[in-house]
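Sequences and hints are given; from them, build the entire structure.
There are 2 protein chains.
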Amino acid sequence: MSKPTNDTTFFDGSIFLGIDGGGTKCKAVLMDHNQTILGVGISGPGNPVYGVELAKNSIVESAKIALEQAKSKYLTLGDLHLGSVIAGIGLAGANVPQMYKEMSEWKSPFKAKYITTDLLIACLGAHNGRDGAVMISGTGSCGYSYVKGQSTIIGAHGFPQGDKGSGAWFGLQAVEASLLSLDKIGPKTSMLNFLLEELQVNNAEDIVAKFASKPSSIFASVANVVFLAAQEDDQVALAIIKEGAEYINTMARLLDDTTPPRITLIGGLTAFITPYLDAELQLRLAPSLSPPEVGAVLYAIKQNALSARKIPNRC
Amino acid sequence: MSKPTNDTTFFDGSIFLGIDGGGTKCKAVLMDHNQTILGVGISGPGNPVYGVELAKNSIVESAKIALEQAKSKYLTLGDLHLGSVIAGIGLAGANVPQMYKEMSEWKSPFKAKYITTDLLIACLGAHNGRDGAVMISGTGSCGYSYVKGQSTIIGAHGFPQGDKGSGAWFGLQAVEASLLSLDKIGPKTSMLNFLLEELQVNNAEDIVAKFASKPSSIFASVANVVFLAAQEDDQVALAIIKEGAEYINTMARLLDDTTPPRITLIGGLTAFITPYLDAELQLRLAPSLSPPEVGAVLYAIKQNALSARKIPNRC
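Chain order of the listed sequences is A and B. Just so it is clear: in the first sequence, position 280 is 282 by this note's numbering, and no numbers are missing. Just so it is clear: in the second sequence, position 207 is 209 by this note's numbering, and no numbers are missing.
Just so you know, these hints were derived from the structure itself, not from any lab. Careful, some of the hints might be misleading.
Because identical chains cannot be distinguished in the list, a pair is counted as satisfied if it fits within a single copy or across any two copies.
Claimed, not checked - Below 20 Å or equal to it, Euclidean Cα-Cα: the simulated EDC-like pairs (lysine to aspartate or glutamate) are: (1) K190 to E248; (2) K190 to E234; (3) K58 to D34; (4) K186 to D258; (5) K190 to E245; (6) K103 to E207.
Here it is in structure tokens:
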């Protein structure tokens with residue numbers, strides 16, 4: 003750890019912790035009330051669906067890393083500890099009532115904590131705390147809008163039955179079409195060659211071995227194969243992209259019904275899929291302003307202000 | 003257990019045990035060399051991929067049940083025990099070299115044992131030990147031919163990346179299309195109503211909960227939804243069936259290249275999908291003559307005869 007610099011910035015008021023607890027990693031950010039980033043941290047899985055204790059440990063671990071970073075940077079934060087921060091915690095499993103209950107009842111080391119879904123913090127982050135809609139195309143896919151206090155979710159049904167237009171969905175289409183091509187049952191596709199190269203294998207059995215009983219993220223890791231083949235004008239790949247893009251186009255139309263002031267596409271597939279969306283939608287897509295963990299801070303600031311108003315002033 | 007009847011049929015020569023070891027159950031049949039069924043037994047999972055010890059236990063258990071049944075029926079089999087039967091064992095995991103090795107090295111309680119794949123015993127059963135081809139559409143799907151000692155496998159890549167035209171594949175298409183319909187992203191389909199009724203749920207979240215992190219057999223259990231909707235002329239269901247049937251039509255054409263004297267469609271989807279296959283293929287499809295466990299007996303009889311020829315007669 004580097005020694006504290008001689009930065010003596012004075013932080014007035016509360017320090018906020020933003021947590022984005024996902025299935026593979028947990029991200030933390032420490033900010034003051036002016037939204038200055040003081041420190042960041044990353045740890046292991048933070049989705050309580052895969053283990054409540056593991057999630058709690060990951061949250062605390064990432065918070066500690068962010069805290070150490072902040073203290074190493076700002077001398078005036080020397081006294082800062084976990085018990086002095088107000089946490090906003092967005093969790094992929096928070097929509098499951100039992101998970102929400104268990105995480106809400108957690109006696110965390112933080113001064114206060116506000117639990118919500120990964121979708122709300124993503125949306126608050128993308129629009130810097132204002133109303134708006136997000137479409138997410140990462141390992142999974144879904145649409146979400148938060149307008150006038152009202153949440154709307156579209157999709158988010160998981161893999162393989164849902165998550166169309168996501169990395170896992172594109173990857174599965176690529177593997178399926180490649181195997182059909184290899185078996186001479188489906189049309190030829192250059193996705194097969196890209197896939198064999200990507201996986202460093204040379205037959206169907208070895209392709210299958212890479213995916214059998216694996217999580218959806220393994221399929222998402224080969225989604226690029228579809229877009230590589232499309233650049234070579236591969237018709238099978240282009241048909242897959244058309245289907246995935248049409249799903250996102252339709253999702254945008256449904257989100258429009260909730261009258262969001264802004265709409266944003268986020269997630270790892272954003273750069274790949276955007277050029278294939280409806281031209282009109284491409285023009286309308288607003289850039290994401292902040293990542294989900296910053297959205298979690300914005301959520302904590304808002305909830306903290308609301309809760310302060312509810313408590314009568316004792317002075 | 004019922005008392006032995008006074009049947010004093012005399013069994014000349016060896017008694018054979020046929021085993022069909024699948025992922026959910028293990029089937030056993032005891033037969034004499036004239037292919038008279040003496041007894042049958044069913045036990046738990048017999049696919050060594052899901053546990054080698056479990057598979058061995060299931061094989062022995064199903065064999066014991068078949069043996070007891072045979073002894074209760076035929077007085078002359080009173081002395082029969084596991085150590086006096088010659089076993090043909092077809093296993094879903096036998097194509098995996100490590101599984102084949104472990105099962106081959108097993109010091110089984112049988113007099114002799116011959117291990118092979120579930121596909122070969124299914125094919126031998128369907129054609130009563132003669133050359134032929136089978137297309138299987140059960141939980142999974144694949145094509146297989148055994149002609150002049152040569153095995154050919156088509157598909158069999160597993161779920162969700164392969165197994166097109168199988169129960170799991172039809173079930174997944176039904177769930178996917180129903181969720182899209184529910185979200186108003188995909189076209190209306192009566193599969194949604196059949197699915198909600200079948201699962202006794204009324205929203206997307208509860209549909210998803212039935213399938214999340216479940217084996218492919220759970221998807222296969224709702225494959226009927228596609229065929230129910232098709233009977234009502236549901237266009238989404240009919241398009242799914244067309245795609246699945248086309249896969250099987252193409253598989254038949256590829257199997258034809260191996261010049262099988264007979265071709266048979268087996269598995270739980272057979273009755274559902276047959277009416278949608280190419281008319282010419284429907285006419286050509288030969289009925290299955292015996293189940294896979296009987297094919298395992300035929301395999302044991304053949305291998306036993308071959309092995310007897312290799313050992314010099316000591317008399």
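Hints breached by this structure: Hint 3 contradicted; others consistent.
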